[in-house]
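**Student:** Between the sequences and the hints, there should be enough to build the whole structure, so can you do that?
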Amino acid sequence: MRAKHKRSGSGGAGAGRSGRTGASLYQEITDRIIAELERGTVPWVKPWGSAKAGLGLPSNAATGRAYSGINILILWGAVIERSYLSQNWLTFRQALALGGNVRKGEHGTTIVHADRFVPKDEKERAKADGDEPQAVPFLKRFTVFNVAQCDNLPEHLYAAAEPLPVRQIVPQAEALIHGCGADFRIGGDRAFYMPSGDYIQVPPQPAFFQQIDYYRTCFHELGHWTGHPSRLARDLSGSFGSKAYAREELVAEISAAFVCSTLGIEPTVRHADYIGSWLKVLREDNRAIFRAASHASKAADFLLGFQADAEGTDREEIAA
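The opening position of the sequence shown corresponds to residue 1329 in our numbering, with each subsequent residue numbered one higher.
It is possible that some hints are incorrect.
[Claimed, not checked] With a straight-line cut-off of 27 Å between C-alpha atoms, the simulated DSSO-like cross-links for lysine-lysine are: (1) Lys1468 to Lys1451; (2) Lys1571 to Lys1608; (3) Lys1468 to Lys1448; (4) Lys1571 to Lys1626; (5) Lys1608 to Lys1626; (6) Lys1432 to Lys1468.
[What the hints assert, rightly or not] Label pairs and their in silico Cβ distance ranges: (7) Gly1569 to Ser1411: 35 to 45 Å; (8) Ala1572 to Glu1434: 34 to 44 Å; (9) Glu1434 to Thr1391: 15 to 25 Å; (10) Pro1491 to His1556: 25 to 35 Å.
If you are wondering where the hints come from, they were derived from the structure by calculation, not from laboratory data. Computed from a predicted model, the values in this text were never measured in an experiment. Heads up, the beta-carbon is just placed ideally off N, CA and C, and yes, glycines get one too.
**Tutor:** Set out below in structure tokens:
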């Protein structure tokens, strides 16, 4: 909540611009997200308790790079719906290059990569007018396969990370919260980020039913905190009930899910009452979920960078 005034979608085979228009691909994915929200299923916090794969961001098994933005939501959905055991993915050619193969009859999962190009006529117009040519955005479609759909890959690619016990999760969460340097003020019975004062207010830990809910709440508010003009500079001006407010809440919810899953915390819906406003935004703009997921990835990366800094400092102190 905000108080008013107060990570590889490319590489390998399966790449290419879709035969369908980019607009229809935006709509196809948006319609899928809308359908899930209408069923009361929030795509970034699906029933992880029934999932066989461990928590974490989906990664490309060949490069080790985590996927980002909308592709995280797409691949999480596939992992849960198809009961895959792993968060690791490959293109068809990457599987072959690693000495493995995709099993016959397996169906891949479509992910996307946003790119831009300058049409020939735009280049000619810009040259004639002495202007900068305007690039046109488009989506490229890729097909990837979970390693559970492949045979004969190196054994370590099939290994699933063991879930961390709470006693290990809490120190990591605390390190990130302290490492980011955000102004946390403990007290009261509400949690919110105050853009004008650039501080976060959260109730004390005993006020939460579970200790882990305190950290889920902190990461939601830290998602808003990343949007300050001195950080990632998002639009935080929206008043409660406005489209701008709903868009920013969507970013904070998704970024918190990305951070929580990285730390081994099962994501939950912090503000289920906002689902109606999210649906309105998505129905009116088929690129809204793409932008929200992109902003959420940037916010999560920004926050998780402080965890890496803290771990580096710890290693230096041990070495000293």
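**Student:** Would you mind marking each hint as holding or not holding in the structure?
**Tutor:** Against the structure, the hints:
1. Lys1468 to Lys1451: Holds, at roughly 22 Å.
2. Lys1571 to Lys1608: OK: Lys1571 and Lys1608 at ~8 Å, within 27 Å.
3. Lys1468 to Lys1448: 19 Å, holds
4. Lys1571 to Lys1626: Measuring from Cα to Cα gives roughly 21 Å; hence the hint holds.
5. Lys1608 to Lys1626: Holds: Lys1608 and Lys1626 sit about 24 Å apart, inside 27 Å.
6. Lys1432 to Lys1468: 25 Å, holds
7. Gly1569 to Ser1411: 35 to 45 Å: Holds, since Gly1569 and Ser1411 (Cβ atoms, about 39 Å apart) stay within the stated range.
8. Ala1572 to Glu1434: 34 to 44 Å: At roughly 42 Å between Cβ atoms, Glu1434 and Ala1572 fall inside 34 to 44 Å, so the hint holds.
9. Glu1434 to Thr1391: 15 to 25 Å: 21 Å, holds
10. Pro1491 to His1556: 25 to 35 Å: 33 Å, holds
Checked against the numbered hints given earlier, the structure satisfies every one of them.
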